[in-house]
Structure formats: structure tokens, C-alpha cells
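**Student:** Use the sequences and the hints to build the structure in full.
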Amino acid sequence: MDGILVRAPLLPIETYLEQQIPPVKTHFQRALAVGSLDLLDELVRPAANQNDLVRRKRALLRYHIRMATRPTPYELFAGVALAHWDKQTELALASTEPILSVRPDMEWLMRLIWRLDTRNRGYVARNPRRKHTDTNAGRAVT
1 MDGILVRAPL LPIETYLEQQ IPPVKTHFQR ALAVGSLDLL DELVRPAANQ
51 NDLVRRKRAL LRYHIRMATR PTPYELFAGV ALAHWDKQTE LALASTEPIL
101 SVRPDMEWLM RLIWRLDTRN RGYVARNPRR KHTDTNAGRA VT
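Just so you know, we're using the numbering used here here: the sequence shown kicks off at 1 and counts up by one.
A portion of the hints provided could be inaccurate.
Stated by the list, open to error - Label pairs and their in silico Cβ distance ranges: (1) A47 with I4: 30 to 36 Å; (2) N49 with T69: 16 to 22 Å; (3) T118 with T26: 25 to 31 Å; (4) R30 with L116: 24 to 30 Å; (5) G3 with D105: 46 to 52 Å; (6) D86 with E42: 22 to 28 Å; (7) V34 with A83: 23 to 29 Å; (8) I13 with S36: 37 to 43 Å; (9) Q19 with A48: 24 to 30 Å; (10) G3 with N51: 47 to 53 Å; (11) E14 with T118: 26 to 32 Å; (12) W108 with P71: 18 to 24 Å; (13) D2 with Q29: 32 to 38 Å.
These are computed hints drawn from the structure, not numbers from a lab.
Where is the CB? At the ideal position from N, CA and C, for every residue including glycine.
**Tutor:** And the structure:
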């Protein structure tokens with residue numbers, strides 16, 4: 001095996017340990033835009049009351065904890081990189097801004113296509129030689 005795939009949280013663990021929620025105007029904002037656009041939109045509006053403010057802070061803290069402690073590939077909250085084996089283990093996260101490479105989830109994309117097709121009959125043409133799977137019903141559609 002020549003290389004390995006390394007997954008790591010997007011933020012360093014120190015930001016969690018020091019309880020420093022990053023400013024929303026950073027890569028944190030980008031991750032929130034993909035992970036919870038509703039929360040990001042909410043942050044632009046003034047809080048209606050103290051309970052609303054507390055709820056927002058808790059939601060931000062949950063996303064911050066995920067970005068600093070979990071290397072799970074959820075939205076933009078973690079990163080991946082290729083590494084190679086050597087005689088000694090030396091792994092460090094880059095201090096530069098991450099390079100984003102994003103592609104739509106295939107299930108989401110197919111739902112969008114089916115929705116467009118039902119709105120505008122004939123807008124989306126199916127390949128007659130290929131069977132398409134209706135992910136909602138789990139059956140092949142020709």
C-alpha cells in the first residue's frame with residue numbers, strides 16, 4: 001500500500017478546549033452555509049428574546065464541537081488528505097486555508113432532477129437505454 005487517506009476535523013482541537021467559537025465570517029460560515037443554512041440565516045437577524053439568543057449559541061457550539069473534534073465527513077466540517085508511509089510518523093495539519101473540492105450528493109441530485117422533470121415535462125430527458133432507480137420507492141423506472 002503506497003498511501004493512506006487521512007480524515008481530520010477542520011478546526012484544531014485547541015479551539016474547542018479554549019472554547020473559542022470562531023468568527024462566523026470565516027470557513028466556519030462556509031461550513032454553516034452547507035450544513036445549516038437556516039442557522040446561518042438566523043444569525044443575520046436580531047434575536048427575538050433571550051431564549052432565542054441562548055438557543056443560537058447552543059447550536060453554534062454544537063457545530064463548533066463537531067468541526068474541532070469529529071473527523072466524520074459531514075458537509076464541510078472535516079477535511080481529507082492523502083499521506084504516505086515512511087519510517088517515522090509525522091503528520092501535521094496545514095496552517096493554510098483548506099482547498100475545497102465539493103460535489104453534490106447523488107441522491108440529492110437525483111431528487112432535484114425528478115422534481116424538475118415533474119414540473120416541466122420534457123425538460124429532463126431520460127436515457128432510454130438505462131434503468132433509473134426511483135430512490136423514494138426503491139424500484140427501477142424505465
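**Student:** All hints, please: hold or fail.
**Tutor:** Hints, verified against the model:
In this structure the hint that A47 and I4 lie 30 to 36 Å apart at CB is violated, the actual value being about 45 Å. Our hint of 16 to 22 Å for N49 and T69 is violated, since their Cβ atoms are close to 30 Å apart. Under the hint 25 to 31 Å, the C-beta atoms of T118 and T26, about 39 Å apart, miss the expected range. The hinted window of 24 to 30 Å between R30 and L116 holds, with their beta carbons roughly 26 Å apart.
Distance hint check for G3 and D105: the Cβ-Cβ separation is about 26 Å, which falls outside the suggested range of 46 to 52 Å. For the pair D86 and E42, the beta carbons lie near 46 Å from each other, so the given range of 22 to 28 Å is not met. Take V34 and A83: their Cβ atoms lie about 25 Å apart, and the range 23 to 29 Å holds. Here the CB-CB span from I13 to S36 is close to 22 Å, at odds with the stated 37 to 43 Å.
Roughly 25 Å separates the CB atoms of Q19 and A48, a value that falls within the hinted 24 to 30 Å. The hinted window of 47 to 53 Å between G3 and N51 holds, with their beta carbons roughly 50 Å apart. As the Cβ distance of E14 to T118 is approximately 49 Å, the hint placing it in 26 to 32 Å is violated. Take W108 and P71: their Cβ atoms lie about 22 Å apart, and the range 18 to 24 Å holds.
Checked against the given bound of 32 to 38 Å, the beta carbons of D2 and Q29, roughly 37 Å apart, stay inside it.
Hint compliance for this structure: hints 1, 2, 3, 5, 6, 8 and 11 are not met, and every other hint is.
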